[in-house]
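Q: On the provided structure of chain A, position chain C as indicated by the hints.
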Amino acid sequence: MSNLDFEKFQKLFLQEANEQLEIMEKAIMQLEEKGEDREIIDEFFRMAHSLKGSAGSMGYTAIASLTHEMENVLDKLRNTPGILNDDMIDLLFISIDTLKHLRENVEKDLPESVNPEIDHLLQRFQEITSPDGQKKQKAVDKKLYLTSQEFKNLKEKDQEKNVFLLCFELIHQQEMQSMVAFLIFNNLKDEGEIIKTCPPHLEEVEGDLPFFSILICTEKGREEIGKIVEQALDQEEYKIFPWSEIEKGEAGEYCQEVKESFARRDESRDSIRVDIEKVDQLMKLVGELVIDKERLLEISKGIKANSRDNPEAQALLQTIPHVDFIATELHESVMDIRMYPVGSIFKRFPRLVRDISRQTGKEVHLEFSGEDTELDRTILQEVFDPLVHLVRNAIDHGIEQPDQREARGKTARGSVALNAWQEENNIVIEVKDDGAGIDLEKIKARALEKNLVREKQAEEMDRESILELIMEPGFSTSESVNDLSGRGVGMDVVRTNIENLDGEVEITSEAGMGTSIKIVLPLTLAIVQALMVREKGNDYAIPLSAIFETMAVNGKNESDLIKTVKNREVVIWREQVIPLIRLSDFFQMGTSCQEGFLVIGGVKGRMVAIMVEAVLGEQEIVVKSLGDFLGKDKLFGEIPGISGATIKGNGEVALILDIQGMLKSFKKGGDTIERQSISC
Amino acid sequence: MGQNKQLQLVTFQLAGEEYGVDILKVHEIKRLKEIGITYVPRAPEFVEGVINLRGDVIPIIDLGKRFGLDNQKSDKETRIIVVKQDEKYIGLTVDRVNEVLNVEEEVIEEPPPEISQIDSFFISGIANYEERLVIVLDINNILSPREDAEISKSTR
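As they're listed, the protein sequences go chains A and C. Take the first sequence: its letter number 380 is residue 380 in the numbering used here, and every next letter is one higher. To convert, count from 1 in the second sequence and add 1000; that's the numbering used here.
Simulated from the structure, these hints should not be mistaken for lab results. Only a predicted model underlies this, so the values are computations on that prediction, with no experimental measurement involved. There's no promise every hint is true.
Distance condition first, Cα-Cα at most 27 Å in a straight line; then the derived DSS-like pairs of lysine-lysine [stated by the list, open to error]:
hint : chain 1 : residue 1 : chain 2 : residue 2
1    : C       : K1084     : A       : K634
2    : C       : K1030     : A       : K634
3    : A       : K536      : C       : K1073
4    : A       : K278      : C       : K1084
5    : C       : K1088     : A       : K284
6    : C       : K1033     : A       : K624
7    : A       : K108      : A       : K8
8    : A       : K566      : A       : K664
9    : C       : K1030     : A       : K624
10   : C       : K1084     : A       : K624
11   : A       : K284      : C       : K1025
12   : A       : K632      : C       : K1065
13   : C       : K1030     : A       : K536
Far from chain A, some chain C residues (derived; all Cβ distances over 12 Å) [what the hints assert, rightly or not]:
hint : residue
14   : D1022
15   : E1028
16   : G1068
17   : E1105
18   : L1133
Quick list of simulated restraints, FRET-style, between CB atoms [unchecked claim]:
hint : chain 1 : residue 1 : chain 2 : residue 2 : range
19   : C       : F1121     : A       : L330      : 41 to 51 Å
20   : A       : Q10       : C       : K1065     : 55 to 65 Å
21   : A       : K442      : C       : Y1039     : 42 to 52 Å
22   : A       : Q576      : C       : Y1039     : 30 to 40 Å
Backbone N, C-alpha and C define an ideal beta-carbon position, used for all residues, glycine too.
With the rest of the complex left out, here is chain A (with noise of 0.2 Å):
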């Protein structure tokens, strides 16, 4: 193999491995919790021999012979039903542990270190598989692995050359074996190509060493090849498969196609790695390119009108649709490229959840649901620490012990869920457990110890705010420091790292029942459709996402359309009583127009009408932060009702209006007409 071979496979064979140890670890997870069951040790069986293949394939001989132990326990389980127990469960665990280290060395470029751990591993498997104890020698891999690129490049050579496999298996001389193996692998050197060997690097194995084998390509014959064999070896055994053979599979013992492994990736995904800023300056440059979009689209509606007669003028006039066409398409593939499932962080919790509720000796079961939603690549790694935070609280403060959940009429294993979904412009991922619920009394009491709040305002404070407080910097109910969590540094890193990511963390808690933890996160679609409205000579763009309805109002419908409760305007749409805001009002940019337009929208249920004076039209904008100085926790503050701002197709910047900002902001105003009816 080049090195460039080498180091393409050698990320191909991370990423499996990754994959594999994933699903090993969930097997043995499920056979905990399941005992023995045949599919799942099938399964495990199958990770654990291709594991095996591609490391055997790529010389990294530690892992190929802690997979090959945990072969045989499993063969083992598999001939013997009933044998599970504890330690083996354990062991395995280690086992995985290990691999992940040994896989992490290979990703590090480390040297894949045989250490006393792993001989002590090993040692430990064996005693296991062998029940006598007696045959404590080392059980070996005869097998020679050959990627399906390699048999396919052999069966070529065959064409012109000999392909032979050797096979060693030294019974009778006892001493200098790997002296015998180094003079064969010597003398075959000069005779033709090796190809492979086993174990790999085969001229610098020390020590004992029963059994090796060679592939080789020459020019020689059988016989010829045999008698060079033969100088080295006197009564020794050795057999010599010619290619055909091996080709048929009669060296099956020794030597074995890794189909699996790589020919895997063709059923599931084909992938490379890309650096993640080069996808960042491709979707930039698809920003541009739609804002150019938009402008010659708004070129073309000049054109149109005066241009009949010229046929250049007409020709340009379809191709603009199809630059629409292409760039709108090209987004949306760009977009798609940093989306990634969240079950790939999901898969990271089940093994944690067992190590907390062990350590806390909680019983819990981890469930999970929506794994296929997608999410920017970026936020998903973001998001990964908050979610292990939360599902540690669940099982640490939420999650009761056993004897108490029985006692109050609950099963005695706690169940924690993890949740994903889509809401309109947003991914919700839920943490949800069917624990104690939050204490309201407590958390009051813990704040005002704590001074968060004072005494009146806790009083006045309804049931979402007081949840609320255990974000507060310096808040922790844990009545013991621990391990797991309760350090005081919980919940408030958790919202500052969502809020970080433009999303939000709300908390719904039952006491008895459970807790609900959401994480709300923007879906990042950098361009959106929006309708562009103006006000005061200032155009604004409003995700289209957002909005139900516009209403043209005017001097006949205006009072049918508004009215006044207790001094707040309020628009009745399809019998709903919803609040009205009027942008010059709420901007503070003096008295707003009577005439202009309703645009009602709406965000999670809570519904808003706001007035401004024109409606320009839809439009896709690229959505652009305000800056290094705008915006929540910068120099110059938040601006409350704006998201951002994106660029028209004249250059200049229009503002983004938040609704859902627009609501908050607006009802920290005082105002407090959500749900109210009047018949009218």
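A: The following block gives chain C in isolation, referenced to the frame of chain A:
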């Protein structure tokens, strides 16, 4: 003398006084009339708005207001100096841009506390150059969060 470090200052006029910023901090200078500033509602008073700088949105601040100076309205001489600090860009409006001044670093003195109408926090030194007094601004401090509390107070 020749060994002394040279400093290039972009000098400009603001409310009757002459100021300078290190040319290395200056990204570009634009005419106010050439660009459309988008007003940002409910932003701090000194924020004039935002502009599109080659695809990125950057804020423009009225330097006079930022310094708390009583300043006249903009005219055709008004310029926007786009400065950068730590890869962050911001535009500052000034009454007029004068010239690029080559000075030796040693002519820049520590600012005496009462030299100018503006807070000495924003000043890195005074260049005493051929009987002109140029107030050298500290861009880093102008764009740093010391006055955060004050800013948010004034807007609410």
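Q: Determine for every hint whether it applies to the structure shown.
A: Evaluated hints:
no.: 1; hint: K1084(C) x K634(A); result: holds (16 Å)
no.: 2; hint: K1030(C) x K634(A); result: holds (25 Å)
no.: 3; hint: K536(A) x K1073(C); result: holds (21 Å)
no.: 4; hint: K278(A) x K1084(C); result: holds (24 Å)
no.: 5; hint: K1088(C) x K284(A); result: holds (18 Å)
no.: 6; hint: K1033(C) x K624(A); result: holds (24 Å)
no.: 7; hint: K108(A) x K8(A); result: holds (15 Å)
no.: 8; hint: K566(A) x K664(A); result: holds (19 Å)
no.: 9; hint: K1030(C) x K624(A); result: holds (22 Å)
no.: 10; hint: K1084(C) x K624(A); result: holds (19 Å)
no.: 11; hint: K284(A) x K1025(C); result: holds (26 Å)
no.: 12; hint: K632(A) x K1065(C); result: holds (22 Å)
no.: 13; hint: K1030(C) x K536(A); result: holds (26 Å)
no.: 14; hint: D1022; result: holds (20 Å)
no.: 15; hint: E1028; result: holds (16 Å)
no.: 16; hint: G1068; result: holds (16 Å)
no.: 17; hint: E1105; result: holds (29 Å)
no.: 18; hint: L1133; result: holds (29 Å)
no.: 19; hint: F1121(C) x L330(A): 41 to 51 Å; result: holds (48 Å)
no.: 20; hint: Q10(A) x K1065(C): 55 to 65 Å; result: holds (59 Å)
no.: 21; hint: K442(A) x Y1039(C): 42 to 52 Å; result: holds (48 Å)
no.: 22; hint: Q576(A) x Y1039(C): 30 to 40 Å; result: holds (33 Å)
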